[in-house]
Amino acid sequence: MAATASALSLPVSRREKGEEERQLVQRAQSGEEAAFEELIRRHQQRVFGLVSGILRRREDVEDVVQQVFLKVFVSLKRFDQRAAFSTWLYKISVNECWDYLRKKKVRPLVYEADLSEEQVSRLDGVVSADQPAASSSDRAEARDLLERMMEKLPAQDRELLVLKEVEGFSVQELAEILDLNVNTVKVRLFRARARLMDVYRRRLHSKPEQQAEGKEG
Amino acid sequence: MSMNSENRNAENKYVACPQYEAALEDQLQGTLRGPEASMLAEHLVTCAGCRAALEDAAVSARLLAIAEPSADPGAGFSRIVMARIRQELVSSESKSIWLPVVSVAWRFAASAAFVLVLLLSFDLGRHSQFVSDQSVIAENRLPEIVPERPSLPTNRDDVLLMMADTSHGKQ
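Going line by line, the protein sequences match chains A and B.
The opening position of the first sequence corresponds to residue 897 in the working numbering, with each subsequent residue numbered one higher.
The opening position of the second sequence corresponds to residue 1300 in the working numbering, with each subsequent residue numbered one higher.
Do not take every clue at face value.
As the list claims (entries may be wrong) - Below 25 Å or equal to it, Euclidean Cα-Cα: the simulated SDA-like pairs (lysine to any residue) are:
| # | chain 1 | residue 1 | chain 2 | residue 2 |
| --- | --- | --- | --- | --- |
| 1 | A | Lys987 | B | Ile1379 |
| 2 | A | Lys987 | B | Ala1382 |
| 3 | A | Lys967 | B | Pro1317 |
Unchecked claim - Interface residues of chain A toward chain B, partial, derived using beta-carbon atoms under 7 Å:
| # | residue |
| --- | --- |
| 4 | Asp959 |
| 5 | Leu966 |
| 6 | Glu1063 |
| 7 | Ser1066 |
| 8 | Leu1092 |
| 9 | Met1093 |
Hints were generated in silico from the structure; no laboratory data involved.
Remember, it's a predicted structure, so these values are computed and weren't measured experimentally.
By construction, the Cβ of each residue, glycine as well, lies at the ideal position given by its N, Cα and C atoms.
The following block holds chain A by itself, in its conformation from the complex:
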């Protein structure tokens, strides 16, 4: 097992890597548990990223990821390797997330509290291209504020933006995972960005006016 792990860490070309993974899948299909464990190790982080990008609830993510790998193990013998193992795995992950959300009837997280003026200026500072690098505490707060804004977006927009911009999935990968045309993914991504910016502007620029109106009233 250790020998396999060290061999896997060697820099190999993409094609060789693909062939190596095919062999690993074949070994796992023939019942070799160590091979399957290696497949889990290789893909666990991306599956975690994918699932947390869709569920957005850290407490549920680990359980769903375990369930994904269990399903993959059970149906591995039926996988014919026509598609890449990763694509098949990610599709199962997406379906498992949607099943989970449907069964649990999970309501999206809603943050009722609005942003304070101070938070607004900090977020503006972090996002602004000409501002110097923000402190780590400012960045942590900005992350929290971003999370709140993301919750205001439709689930489909949020998923695409997180998977693409945060978890690092390519447009091609997203098209394969979500069974969409590559151009459709691009258009949806671009529109999701516009909607995120709408939320951002409403939060940033309408807040001081609302407060002023409130004071006058």
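Given chain A, put chain B in place with the hints provided.
The following block gives chain B in isolation, referenced to the frame of chain A:
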């Protein structure tokens, strides 16, 4: 190619031309090359909507760069998953031991129910047959149980005949 310089929506906000959205996303990612890139560059000179949308998209990318990708679950995670898989396999195997017994039991129950239905329908059939037989017998016996009322004599000869019958009966 759209030459719309005032591409605004109902809220008077600049919006991108729909036919350029995919190319604008490529431009943002830095993957737009060749004639498509020059076509978009030409379009951007004249389209304020697409220019504004591209600037917005760039801000959104900076905004999303704040977020951190999910952390690696760690080396122990694969072991946890494998342990769960083994546990599930054991429980499914123990279920599969009882599966034939459960299946036989269900078959037996179904057969018993079928036989019961057959017996009940047979019994009901017999009962209805018996009831109809009884009514037929009752109809046939009716004249024996209830004697026919003698008809009244219509003339003198009938009266004499009746008297002769009665006297025969007494003897």
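Now the hints, each set against the structure:
Under the criterion of a C-alpha separation no larger than 25 Å, the hint pairing Lys987 (chain A) with Ile1379 (chain B) is consistent with the structure, at around 22 Å. About 24 Å separates the Cα atoms of Lys987 (chain A) and Ala1382 (chain B), which keeps this hinted pair within 25 Å; it holds. About 40 Å separates the Cα atoms of Lys967 (chain A) and Pro1317 (chain B), which puts this hinted pair outside 25 Å; it is violated. Annotation: interface hint on Asp959 (chain A) violated; nearest CB of chain B at approximately 10 Å, more than 7 Å.
The criterion of a C-beta within 7 Å of any C-beta in chain B is met by Leu966 (chain A), whose closest approach is roughly 6 Å, and the hint holds. A cut of 7 Å between beta carbons decides the hint on Glu1063 (chain A): the least distance to chain B is about 5 Å, and the hint holds. Below 7 Å, beta-carbon pairs count as interface contacts, and Ser1066 (chain A) has none with chain B, the closest being about 9 Å; its hint is therefore violated. With a cut of 7 Å, the hint placing Leu1092 (chain A) at the interface with chain B holds, because the nearest CB-to-CB distance is about 5 Å.
At its closest, the beta carbon of Met1093 (chain A) sits 4 Å from a beta carbon of chain B; the interface hint therefore holds under the 7 Å criterion.
In summary, the structure is inconsistent with hints 3, 4, 7 from the numbered list given earlier, while agreeing with the others.
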